[in-house]
Amino acid sequence: MHGFANPARFLRLANWLTPLLLVSGIVVTVGALLWGFTSAPPDRLMGDSVKILFIHLPVAWLGMGGWTAIAIASLVELVWRHPLASIAARAAAVPGAVFAFLCLATGSIWGRPTWGTWWVWDGRLTSMLVLLFLYLGYIALSSALAREGSSSRIAAIFGLVGAINIPIINRSVVWWNSLHQPPSLTMGNSAIDPVYLYPLLTAVLGFSLLFGAVVLMRMRTILADMQAEARLRRKAMQAAEGI
Amino acid sequence: MSALATLLKRDLARFLPGTASGGTLLPLLFFMAVAMLYPFAIGPNPTLLAQTGGGVIWVAALLAAILPLDRLLASDVEAGFFDQWALRGIAEEMVVAIRLLAHWLSFGPFLMLAAIPASALVGIDGETLRIVEIGLLAGTPGLAAIGVIIASVTVGLRSGGAALSGLLVIPLAVPLLIFGAGSLSTGGEGGLALTAAISLALVAIAPFAGGAAIRAAREG
Numbered sequence: 014m015h016g017f018a019n020p021a022r023f024l025r026l027a028n029w030l031t032p033l034l035l036v037s038g039i040v041v042t043v044g045a046l047l048w049g050f051t052s053a054p055p056d057r058l059m060g061d062s063v064k065i066l067f068i069h070l071p072v073a074w075l076g077m078g079g080w081t082a083i084a085i086a087s088l089v090e091l092v093w094r095h096p097l098a099s100i101a102a103r104a105a106a107v108p109g110a111v112f113a114f115l116c117l118a119t120g121s122i123w124g125r126p127t128w129g130t131w132w133v134w135d136g137r138l139t140s141m142l143v144l145l146f147l148y149l150g151y152i153a154l155s156s157a158l159a160r161e162g163s164s165s166r167i168a169a170i171f172g173l174v175g176a177i178n179i180p181i182i183n184r185s186v187v188w189w190n191s192l193h194q195p196p197s198l199t200m201g202n203s204a205i206d207p208v209y210l211y212p213l214l215t216a217v218l219g220f221s222l223l224f225g226a227v228v229l230m231r232m233r234t235i236l237a238d239m240q241a242e243a244r245l246r247r248k249a250m251q252a253a254e255g256i
Numbered sequence: 048m049s050a051l052a053t054l055l056k057r058d059l060a061r062f063l064p065g066t067a068s069g070g071t072l073l074p075l076l077f078f079m080a081v082a083m084l085y086p087f088a089i090g091p092n093p094t095l096l097a098q099t100g101g102g103v104i105w106v107a108a109l110l111a112a113i114l115p116l117d118r119l120l121a122s123d124v125e126a127g128f129f130d131q132w133a134l135r136g137i138a139e140e141m142v143v144a145i146r147l148l149a150h151w152l153s154f155g156p157f158l159m160l161a162a163i164p165a166s167a168l169v170g171i172d173g174e175t176l177r178i179v180e181i182g183l184l185a186g187t188p189g190l191a192a193i194g195v196i197i198a199s200v201t202v203g204l205r206s207g208g209a210a211l212s213g214l215l216v217i218p219l220a221v222p223l224l225i226f227g228a229g230s231l232s233t234g235g236e237g238g239l240a241l242t243a244a245i246s247l248a249l250v251a252i253a254p255f256a257g258g259a260a261i262r263a264a265r266e267g
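Protein chains in written order, with the numbering used here: chain A, 14 to 256; chain B, 48 to 267.
Just so you know, these hints were derived from the structure itself, not from any lab.
Incorrect hints may have been included.
Here are some, though not all, of the chain A residues that point toward chain B, as calculated from beta-carbon distances under 10 Å [claimed, not checked]:
#: 1; residue: LEU154
#: 2; residue: ALA157
#: 3; residue: ALA169
#: 4; residue: ILE170
#: 5; residue: LEU173
Residues of chain B clear of chain A, computed beta-carbon distances all greater than 12 Å [claimed, not checked]:
#: 6; residue: THR66
#: 7; residue: VAL106
#: 8; residue: PRO164
Okay, the calculated bits of chain B under chain A, using three or more residues with CB under 8 Å as the criterion [claimed, not checked]:
#: 9; stretch: 135-149
#: 10; stretch: 222-228
Note that the Cβ used here is the ideal one computed from N, Cα and C, for glycine as well.
Next comes chain A alone, as it looks inside the complex:
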């Protein structure tokens, strides 16, 4: 793992992995959505609107998976002080927040024809909304820490505290009020017909590849920012010595 503590080595890997993930992500996602939209029959009750599931479920998973990534990166940072871990956590926060937002947005669009309303104070919707606020808080905190040159390990502590709290938040909100159907897709057990399931899993794969590509792009951006700043500082010091 510490082989990639060297940013140059990480960048060599990331330089060819990023376009690979991006292109394959776009191809797989577009393919899965076309497959799902054309092959899946309309639902008996929900009609064609059920097909928004092919976007809604992958972004919901990745919205939650994003914080898992933050939690793992935070743990790696706090325990092994891996220099790329904090960058990875910061890089995963923005796509995580975007996917959580997309989950809420697609859910809202789906809810209008099926539940008859844009928003209900349902348990699973609400816990995704709370998660979105956690993401926004994390992004605000980690960017403020980076801007002021404070230790990125402070953001990692918040990441872990958030990770401990997310299951509690989720359970509490579900207890509070639930209208949403229970998860249709759990490990080893699926309530979904295969005609939906296979395009759906392909869409999950495609969106995951895209998520990975965005994380790598943002990591490269953050590293480039840090390098540019270090170079400016070095030049300023040389200039000061020259006087």
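Given the structure of chain A, go ahead and fit chain B onto it with the hints provided.
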């Protein structure tokens, strides 16, 4: 042990309402002001107030818990207070645990006192007030623990301040609010036990999160 008692006394002298620095008096007044504001916003309809008043007290308590955070740790970290204790061989975790206790003692019980006049303002009856008070007793340690955690992660930041603290506190406090205020609805009595459980978990985490954050802030 006597060193820790001294520490607790010193912290209480700074945080108790009515001490020289004002302590948590202003957050408590803010709590009362929110309770006063609510009937202005929704109108003086007694049934509506009686139904919703308990929840409003919880929201007001949560908002008031955000206010004292900016001076909970920052000035001491800046002054090297924690460094001195570390030099004496007393870990940041221990100092933060004492700070958490002092913060709760100067906030929780007084908030429960302030909830009595506030309950009159928002028009809830004695039975509801009783559940609100038990809920606050169970929930304010958790609120204080979240406060200590957030104060410790924002400790070195010059910008952001109260707005950032609020944004970070509110999502973490959602379970406390749900179970605390949820215990007011019929059949919600189990909520009190769950509020206490979440509070205990947060109180257990806070010294470690706070200690780690203060050390990280020192190392820069």
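- Hints the structure violates: just list their numbers, smallest first. 9
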